[in-house]
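**Student:** Per my numbering, the very first residue in the sequence shown carries number 10; after that it's consecutive.
Any given hint could be a false lead.
Claimed, not checked - Below 30 Å or equal to it, Euclidean Cα-Cα: the simulated DSSO-like pairs (lysine-lysine) are:
(1) Lys282 with Lys19
(2) Lys28 with Lys282
(3) Lys19 with Lys91
(4) Lys91 with Lys69
(5) Lys147 with Lys135
(6) Lys91 with Lys135
(7) Lys69 with Lys28
(8) Lys19 with Lys69
Said to hold, decoys possible - Distance windows between CB atoms, simulated:
(9) Ser133 with Glu41: 31 to 39 Å
(10) Asp271 with Gly131: 48 to 56 Å
(11) Arg16 with Ala253: 24 to 32 Å
(12) Ala68 with Met10: 29 to 37 Å
Hints listed in this document are in silico derivations from the structure and should not be mistaken for laboratory results. Beta carbons: idealized from backbone N, C-alpha and C, even for Gly.
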Amino acid sequence: MALLEVRDLKVVFQRRGEKPFTAVDEVSFDVEPGQTVGLVGESGCGKSVTSLAIMRLLAKRGNHVSGSVSFEGTDLLSLPDKEMRDRRGRDLGMVFQDPLSSLNPVIPIGLQITEVLERHRGMSRKAASVEAAELLDKVGIPDPARRLSEYPHQLSGGMRQRALIAIALACRPRLLIADEPTTALDVTIQAQILALLRELVQDTGTALIMITHDLGVVAGLCDEVNVLYGGKIVERAERHSLFAEPRHPYTHGLLASIPRLDAGRGEKLIPIKGSVSDNIPWDGGCAFAPRCPNALGVCREVSPQLTPDRGGLLRCHNPVIPAVAARGGAR
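Put together the whole structure using the sequences plus the hints.
**Tutor:** Put into structure tokens, the structure is as follows:
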């Protein structure tokens with residue numbers, strides 16, 4: 010049995026006087042123990058909303074969540090609030106996107122870690138303080154005993170991100186969700202954070218959902234990759250297969266827009282035209298069709314289904330031919 014089974018997850022936002030907006034549209038995927046699964050796409054594709062729906066951290070008003078999120082056979086979406094609060098931190102951990110806004114600015118770092126240990130592991134304040142210092146040391150924060158009494162504004166961006174990881178790992182959760190954990194960090198700190206997450210998965214067997222728009226992060230960390238567009242999964246593949254032979258034009262476009270060290274001098278990047286808002290409803294065709302270089306007439310008339318493709322899944326009427334992808338062009 011998979012550790013986490015997400016089936017037909019759908020999130021619809023509704024504001025008075027406005028049309029409903031579907032941010033996540035029938036997303037399904039599994040996460041095995043010790044596996045790292047990536048959710049990839051541009052901002053606005055539904056990655057973060059998916060994670061917040063899994064953790065049940067969306068506001069109670071103004072949205073509707075349907076489908077199922079099964080963790081070890083228990084549907085998290087139907088759990089009473091008290092039982093879900095017990096699950097968060099203990100079984101499910103999350104590293105949020107912005108460490109500065111995710112940490113409480115008026116509470117010392119140490120107290121933000123010890124309250125998790127006291128709440129979920131029943132530790133005394135003294136024992137929790139010792140454990141908190143060990144956690145900060147484990148995530149690479151120097152002089153951890155002194156840092157316990159410091160406030161978030163006294164730490165650098167990299168240290169705040171490490172502190173968030175320490176909080177998420179305090180109760181040794183079996184599933185960790187990392188939502189853009191390297192955003193706004195310099196490349197050196199990014200590499201350190203990714204190495205830390207990789208070591209934690211290997212050492213503890215924790216399952217990891219990595220949410221990112223950076224395919225470089227995916228290349229070094231994820232086992233399986235789900236590419237999202239317009240709230241739907243458009244391609245799923247094992248990491249090596251995805252990079253070697255991207256099949257969906259959107260995946261191919263993401264890869265083609267990455268700067269390469271082996272590119273010829275003066276070689277231009279190939280951007281994806283338009284923006285994520287330039288789409289059509291999925292029930293009327295393919296949402297990516299207005300931006301797609303492979304678009305056919307059927308793409309604007311018939312919604313493509315997610316079907317098996319070369320060991321993965323693909324939602325496309327006119328996928329990229331591997332030989333063409335290798336040359337850097339579209340079909």
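**Student:** Hints numbered earlier in the text: which of these fail when held up against the supplied structure?
**Tutor:** Checked against the structure, no hint fails, so every one of them is satisfied.
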